[in-house]
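Q: Listed below are the residues making up each chain.
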Amino acid sequence: MAQFKAHSVLPGFNLALGFTLLYLSLIVLIPLSSLFFKTATLGWGGFWEVATNERVLASLRVTFVASFAAAVMNAIFGLVIAWVLVRYTFPGKRLVDALVDLPFALPTAVAGITLAMLYAPNGWIGHYFAEHDIKIAYTPLGIVVALTFIGLPFVVRTVQPVLADVEAEIEEAAASLGASRWDVFRRVIFPSIYPALLTGFALAFARSIGEYGSVIFIAGNMPFISEIAPLLIVAKLEQYDYAGATAIALLMLIISFALLLAINGLQWWSNRREIR
Amino acid sequence: MSLPQQLINNQKITTHESKAVTLILITVALSYLLLFLGIPLFAVFYEALGKGWALYWAALQDPDAWSAIELTLIAAAIAVPANLVFGVAAAWAIAKFEFRGKSVLITLIDLPFAVSPVVSGLIYVLLFGAQGWFGPWLQEHDIKLIFAVPGIVLVTVFVTFPFIARELIPLMQAQGKDEEEAAVSLGASGWQTFGASPCPTSNGVCCMA
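Chains A and B, in that order, are what the protein sequence lines are. Residue numbers for the first sequence follow the working numbering, beginning at 14 and rising by one. Residue numbers for the second sequence follow the working numbering, beginning at 3 and rising by one.
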């Protein structure tokens, strides 16, 4: 068998990993396993029936597509915001910096109600779009808006400290060797913040998949169009159909796990390539 | 043009963006923040205080509101330190060592985010509720977990589980392990090495607020 762990002189691996696995099992794995067992009471046939239900499939599509779109938007603009906050000075910067954490602190339901109000056709922001016949609130676009709000701090807060840590000497060295500013960014700065950016993307994406509170107020919740999967879970719970609810939850869990593993694997793979 | 002068011109190092680019980037960042965060925040205050301070003050006098705030703070006060210890341990193992199955471990840490809050409540009810695995045992020993403070704490720990670990991992990775390796080679003990390594946890903590 190949070695499980590469040799390192640093101490504390067994303690750190052991504690991580213990805590992970107690808080996450054992509770999540109850989803499997509850769903198992349905049997394969029952699970398949839920999993291939058209309304369930449509809601899963809405959830994952909207989450992905919001995460992409946040990755792009979150990078710009982190850059601006780390590199430039401008009046009110500290205030802006504090503002970024707001979605973490604001209860999601409050966020949802406020966003729905703002982006409704007669709202402060929505009426500009309504003039061009674009409806945001109560459409899938509204879901993306809410998820963008929820996910933004993840990207900014993961990229920011790493960007601040990039050493100026390397940039100066690259520039003195004749690299243009764009080259320096592309070849020197970006590779070092890329893992953090991917982490932020993964977190924003994951958080968006599970989001419930803010979305239901702005989505309109029309079946097949703007109904998210967590809402279907709640609907099933209200009918005391626990096994049906856990079946959808399990389905979401499996898809999220696969997608997140792909994103995290990408990061691991690019790290490896860099070392070589 | 004399030679030295030319040399200086050639060596004009550009480690800053031009004024125009700087301005554009700041404008983009600020408008995005304004559209998605600034205006919504203003609207929240506008709505909360729109009917005057008196009404807002009256809402705060409500004892229910205060006990709700107190409960939230208690749950946070337990969840944050618990996840902090976990976060530091996990980040140390993941960022400083190479081992198999790392991606899977990271993904498992991410999972609580992807689980809808509705479901995270449900799984604990499935575990500890009257019909759950541990429900009968808890009832026998007269321990109330679900629909009580410990339940709230558990769910808070669950939903904030990935925060600190995931914030620390990229930072620890970016810092590399040279300094720690130097410390070990100079004869520092395990805890000494860890204590001396730069570990800015404050950033992660503020995110939990």
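Hints should not be assumed to be uniformly reliable.
[Unchecked claim] The list that follows gives simulated cross-link-like pairs (lysine-lysine, DSSO-like), each with its CA atoms no further than 30 angstroms apart:
1. B:LYS104 - B:LYS21
2. A:LYS18 - B:LYS179
3. A:LYS249 - B:LYS146
4. A:LYS106 - B:LYS146
5. B:LYS21 - A:LYS18
Derived from the structure by calculation, the hints contain no laboratory data.
Q: Could you grab the alpha-carbon distance between B:LYS21 and A:LYS18 and see if it respects the 30 angstroms cut-off?
A: Given that 30 angstroms is the threshold and the Cα spacing comes to 49 angstroms, the pair is violated.
Q: Against the 30 angstroms threshold, does the CA-CA distance of A:LYS106 and B:LYS146 hold or violate the hint?
A: Violated: A:LYS106 and B:LYS146 sit about 47 angstroms apart, past 30 angstroms.
Q: Does B:LYS146 sit within 30 angstroms of A:LYS249, going by the straight-line distance between their CA atoms?
A: Status holds; Cα separation ~26 angstroms.
Q: A:LYS18 and B:LYS179: Cα distance at most 30 angstroms?
A: Distance of about 16 angstroms is within 30 angstroms: holds.
Q: Holds or violated: B:LYS104 and B:LYS21, Cα atoms, limit 30 angstroms.
A: violated (43 angstroms)
Hint violations for this structure: numbers 1, 4, 5, all remaining hints satisfied.
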